Amino acid sequence: MSEGIPLFPLSFEVNGRAVELEIEPQESLAEVLRNRLNLTGTKVSCEVQVCGACTVLVDGLPVSACTFLAYEARNKKVLTIEGLAAPDGTLHPLQQAFVDESAFQCGFCTPGMILAARALLEERPLPTEEEIRASMDGNICRCTGYLPIVHAIQKAAQALRSRS
Amino acid sequence: MMPLRRFRIHQPGTIAEAAEMLAHFGESGRLYAGGTELLLAMKHDVLRFEHLVDVKTVPGLAGIEANGGWLRIGGVATHRSIEISPVVRQRLPLFAEMEAKVANGRVRATGTLAGNLCFAEPHSDPATLLLALEARVRVEGRSGPRTLTIQELIPGAYQTSLASDEILTAVEIPLPKNGQRASYLKFQVHERPTLGLALVMETQDRGQAIATARVAVGCVCPFPRRSRQAESLLVGDRPQVERNLSQAAEVLADEADLIDDLEGGADYKRHLISVFLKRAFACAFPGR
Ligand SMILES: Cc1cc2nc3c(=O)[nH]c(=O)nc-3n(C[C@H](O)[C@H](O)[C@H](O)COP(=O)(O)OP(=O)(O)OC[C@H]3O[C@@H](n4cnc5c(N)ncnc54)[C@H](O)[C@@H]3O)c2cc1C
Ligand code: FES
Ligand code: FES
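Those protein sequence lines, which keep their order, are chains F and Y. Residue numbers for the first sequence follow my numbering, beginning at 1 and rising by one. Residue numbers for the second sequence follow my numbering, beginning at 1001 and rising by one.
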């Protein structure tokens, strides 16, 4: 434990569940999610807020969990990829569309892609292709060539619309 | 993972308390806002601090309002809050459009305008546009409040004229008058822009004549620059100004202290300035 540095009491909500932890102030949200809460769906790659693999939603907004301090999540709601499917395991329409459109290969970028897309669809339920491209600009995929990802987001938008 | 060294976070309740904390910690402390620059530099061990003073716990610094001819953006307003602010979109849409293209959505959700200016990273979009808009910043430290222009705030790359206990509390931008034509363009292939160019003109006779012009470039040089000589070439009848654009771009490039770096050589940047000044001029007069 840290010598002389007091732990910070952190209460927040992760995927709908209340969580209380004592953290060290310098811990990133990705460290807390992966190492303390075992939520390893959040991936870490570049660590400098460029690639988007670590994207999670905090109060609905995408953040880079690699750099965002867990301290900043206090009293907020965090959504990770583990929290997206229904409790019975039914995939969220975005997850299903990524499967259907083969929008991933190695899958390392996928949790971040899906959460970034989820934030977009919350704000713009039927985005144009241009809006999808602009909004997903900060998420890098080294496998798919992006087109299947754009198609999956369009498909999920349609599915979500017919669902509501 | 690339862990951060240990530090403490402090939560001031007022500007005065934040200034006291910064003065007390001296070299071992730093103001912390979104952390999008600071934490990266600390991860790479370029900067080391044992104490971070979280400016966001001071209430009342996130507001955005238009008042008495000025748009006032609070010292902890994030890029995203500015981008989506109805006041900014209505009263100074150019600024909202520029903000919407800063970094990526995650950096915009946490990074602040003040943090961008106070880190004085040379590849800043807002600093260049604010320079051309003749914005000012309000700062406050133990010795009281003062007001600075953008030139005064940013005298060099990664340098500001703020004392270590001073906090930027607001950015204030003059609201455009009728007849203002302005544009901001950037050229970007990497994470940060290669060039930013802002052009702000006061026009008369329905845009046929340009009464005053301000032009600034950034990213191609250590800190954003204006050129009075280039600006004087951009005043007069529009067709004449259009003929002057190449020469104005040359003068602007001469005065900008262009640098060779990974984004390209100084010659390449000179070329970009010429192309983008013409484009910025065309954008300021859409559908002519
Ligand atoms: C991947 C990436 C891409 C980017 N792309 C762009 C881009 O395209 N264009 C662009 O312009 N910028 C870009 N940026 C920079 C981005 O705009 C800044 O990182 C952000 O605005 C910094 O704000 P912050 O609140 O996170 O500052 P912090 O990191 O918290 O602080 C930065 C510095 O400012 C000081 N500071 C913060 N707030 C204040 C205050 N109120 N008063 C006094 N000092 C203060 C801190 O002490 C620190 O030294 C990019 C950054 C990243 C990581
Ligand atoms: S790991 Fe966080 S953005 Fe790349
Ligand atoms: S699926 Fe491999 S990086 Fe996107």
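A hint or two may mislead.
Said to hold, decoys possible - Mimicking DSBU-like on lysine-lysine, the simulated pairs with C-alpha atoms at most 35 Å apart in a straight line are: (1) F:Lys77 <-> Y:Lys1056; (2) F:Lys155 <-> Y:Lys1101; (3) F:Lys76 <-> Y:Lys1056; (4) Y:Lys1278 <-> Y:Lys1177; (5) Y:Lys1177 <-> Y:Lys1101; (6) Y:Lys1056 <-> Y:Lys1177; (7) F:Lys77 <-> Y:Lys1101; (8) F:Lys76 <-> F:Lys155; (9) Y:Lys1278 <-> Y:Lys1056; (10) F:Lys155 <-> F:Lys77; (11) F:Lys76 <-> Y:Lys1043; (12) Y:Lys1043 <-> Y:Lys1056; (13) Y:Lys1278 <-> F:Lys77; (14) Y:Lys1101 <-> F:Lys76; (15) Y:Lys1101 <-> Y:Lys1043; (16) Y:Lys1056 <-> Y:Lys1101.
Hint data in this document are derived by calculation from the structure and do not stem from the laboratory. If you're wondering where the values come from, they're calculated on a predicted model, not measured in any experiment.
Now for the hints, and whether the structure bears them out:
1. The suggested pairing of F:Lys77 with Y:Lys1056 holds, with an alpha-carbon distance near 18 Å, which does not exceed 35 Å.
2. Taking the CA atoms of F:Lys155 and Y:Lys1101, the gap is near 26 Å; set against the 35 Å cutoff, the hint holds.
3. Using a Cα cut-off of 35 Å, the hinted pair F:Lys76 and Y:Lys1056 holds, with the two alpha carbons roughly 15 Å apart.
4. Distance check on the hinted pair: Y:Lys1278 and Y:Lys1177 sit about 23 Å apart at the alpha-carbon level, within 35 Å; holds.
5. The straight-line distance between the Cα atoms of Y:Lys1177 and Y:Lys1101 is roughly 25 Å, inside the 35 Å bound, and the hint therefore holds.
6. At roughly 33 Å between alpha-carbon atoms, Y:Lys1056 and Y:Lys1177 fall within 35 Å of each other, so this suggested pair holds.
7. Between the alpha carbons of F:Lys77 and Y:Lys1101 the distance comes to roughly 26 Å, so the proposed pair stays at or under 35 Å and holds.
8. For the proposed pair F:Lys76 and F:Lys155, the alpha carbon gap of about 30 Å is at most 35 Å, so the pair holds.
9. Restraint check for Y:Lys1278 and Y:Lys1056: not satisfied, since their Cα atoms lie roughly 41 Å apart, outside the 35 Å limit.
10. A C-alpha spacing of about 27 Å is found between F:Lys155 and F:Lys77, which places the hinted pair at or below 35 Å, so the restraint holds.
11. A distance of roughly 25 Å separates the Cα atoms of F:Lys76 and Y:Lys1043; the hinted pair therefore holds under the 35 Å criterion.
12. Using a Cα cut-off of 35 Å, the hinted pair Y:Lys1043 and Y:Lys1056 holds, with the two alpha carbons roughly 21 Å apart.
13. Taken as a hint, the Y:Lys1278 and F:Lys77 pair is broken in the structure, with Cα atoms around 47 Å apart against an allowance of 35 Å.
14. Taking the CA atoms of Y:Lys1101 and F:Lys76, the gap is about 26 Å. The hint holds against a cut of 35 Å.
15. Note on Y:Lys1101 and Y:Lys1043: the hinted pairing holds, with a Cα-Cα distance of about 25 Å set against a maximum of 35 Å.
16. Between Y:Lys1056 and Y:Lys1101, the direct Cα distance comes to roughly 23 Å. Compliance with the 35 Å bound is thereby established for this hinted pair.
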